[in-house]
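Assemble the whole structure, with the sequences as input and the hints as a guide.
Protein chains: 2
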Amino acid sequence: MQAGKPILYSYFRSSCSWRVRIALALKSIDYETIPINLIKDGGQQLAIIEYLEETRPTPRLLPRDPKKRAHVRMISDLIAGGIQPLQNLSVLKQVGQENQLTWAQKAITSGFNALEQILQSTAGRYCVGDEVSMADLCLVPQVANAERFKVDLTPYPTISRINKTLLTLEAFQVSHPCRQPDTPPELRA
Amino acid sequence: MQAGKPILYSYFRSSCSWRVRIALALKSIDYETIPINLIKDGGQQLAIIEYLEETRPTPRLLPRDPKKRAHVRMISDLIAGGIQPLQNLSVLKQVGQENQLTWAQKAITSGFNALEQILQSTAGRYCVGDEVSMADLCLVPQVANAERFKVDLTPYPTISRINKTLLTLEAFQVSHPCRQPDTPPELRA
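Protein chains in written order, with my numbering: chain A, 1 to 189; chain B, 1001 to 1189.
Read the hints as simulated data drawn from the structure, not as lab findings. Beta carbons are placed, not taken as given, at the ideal position from N, Cα and C, and that holds for glycine. Be aware that a few hints might be false.
[To be verified] Calculated cross-link-like contacts (lysine-lysine; reagent style DSS-like; alpha-carbon spacing at most 30 Å):
1) A:68 x B:1027
2) B:1106 x A:68
3) B:1027 x B:1093
4) B:1093 x A:67
5) B:1005 x A:68
6) A:164 x A:150
7) B:1106 x B:1027
8) B:1093 x B:1068
9) B:1150 x A:68
10) B:1005 x B:1067
11) B:1093 x A:27
12) A:27 x A:93
13) A:27 x A:164
14) A:93 x B:1164
15) A:5 x A:93
16) B:1093 x A:150
[Said to hold, decoys possible] Chain B is faced by these chain A residues, among others (derived, beta-carbon under 7 Å):
17) 47
18) 55
19) 189
See the structure below:
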């Protein structure tokens, strides 16, 4: 990372890639994208975000206060470890085509039920207080997945409100799946 | 945490609880256990471990070097976000009884294939170099789960070797599921 321009192996639609793209944009790190169509499971990209945080500490993506940091990590892990792995491509393939939508919706609503409740005690303008954090980087791509799977978001007013606010920020817009080098023309915006 | 003895809401068999128990033992933090039989999904307990690391920095569970820290987090996230959520109780229930074993084995072997390869470049005595880290806290409970699901571990010599070494350490023994307040008599050792 210190030597030369970092390379992000990215897939336009992957919520894991999107999280990292938001972090790179927030920290104004210039990078090259190598699009790949093979997606690994899980929330491994959180390790990249923590690494960026340690090597490029400004702006902070983790609050200084240990309790708030724990809240940020709890929310990030709930999304990246508790929801996203259950509704990613390889798991859906294993579930079988006829059950995919129900399966993904169940994973997301059960996670969002917990998340909505947590946010009611941690949120300010964003997921934890009024500063953008790693939790917000996880929230927006997950809400986009929820929309793809036609999850009804009415029971989640806090999630919806924070998501809407975050999507007005430039870092969340330039990193959006509809604006990546490998986005197919019909999905561009 | 600063005021009074911390309370761990724990389930003897949960790999998430076990990870945290190892961290508490390594940091010599005295705590009370409240056994609970309700288990939340995912790797949320990594937030507790990071919090412990920040408030009780000795002994370190994350290496000082940012690249090594990223390796530790990558391995931890692979296990806690990429493997464990796919084989936990609530997902297995959703999968249906007749498919549970195959499902869990597939999730674990696909994760262990990636993990074995990563460890070949990061491991020393333990997962990352020669110091016990958060990655090791994730490894041992996951290997125990693999054994419960009768996964053949012969293709994973590095995973098996590190697991065996770690199980000789006291922190991994006192925190073991077979020695918890809520361990049923027939599973005690």
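Results of checking the hints against the structure:
no.: 1; hint: A:68 x B:1027; in the structure: 21 Å, holds
no.: 2; hint: B:1106 x A:68; in the structure: 36 Å, violated
no.: 3; hint: B:1027 x B:1093; in the structure: 35 Å, violated
no.: 4; hint: B:1093 x A:67; in the structure: 34 Å, violated
no.: 5; hint: B:1005 x A:68; in the structure: 20 Å, holds
no.: 6; hint: A:164 x A:150; in the structure: 17 Å, holds
no.: 7; hint: B:1106 x B:1027; in the structure: 34 Å, violated
no.: 8; hint: B:1093 x B:1068; in the structure: 37 Å, violated
no.: 9; hint: B:1150 x A:68; in the structure: 40 Å, violated
no.: 10; hint: B:1005 x B:1067; in the structure: 34 Å, violated
no.: 11; hint: B:1093 x A:27; in the structure: 42 Å, violated
no.: 12; hint: A:27 x A:93; in the structure: 35 Å, violated
no.: 13; hint: A:27 x A:164; in the structure: 21 Å, holds
no.: 14; hint: A:93 x B:1164; in the structure: 34 Å, violated
no.: 15; hint: A:5 x A:93; in the structure: 35 Å, violated
no.: 16; hint: B:1093 x A:150; in the structure: 23 Å, holds
no.: 17; hint: 47; in the structure: 4 Å, holds
no.: 18; hint: 55; in the structure: 5 Å, holds
no.: 19; hint: 189; in the structure: 29 Å, violated
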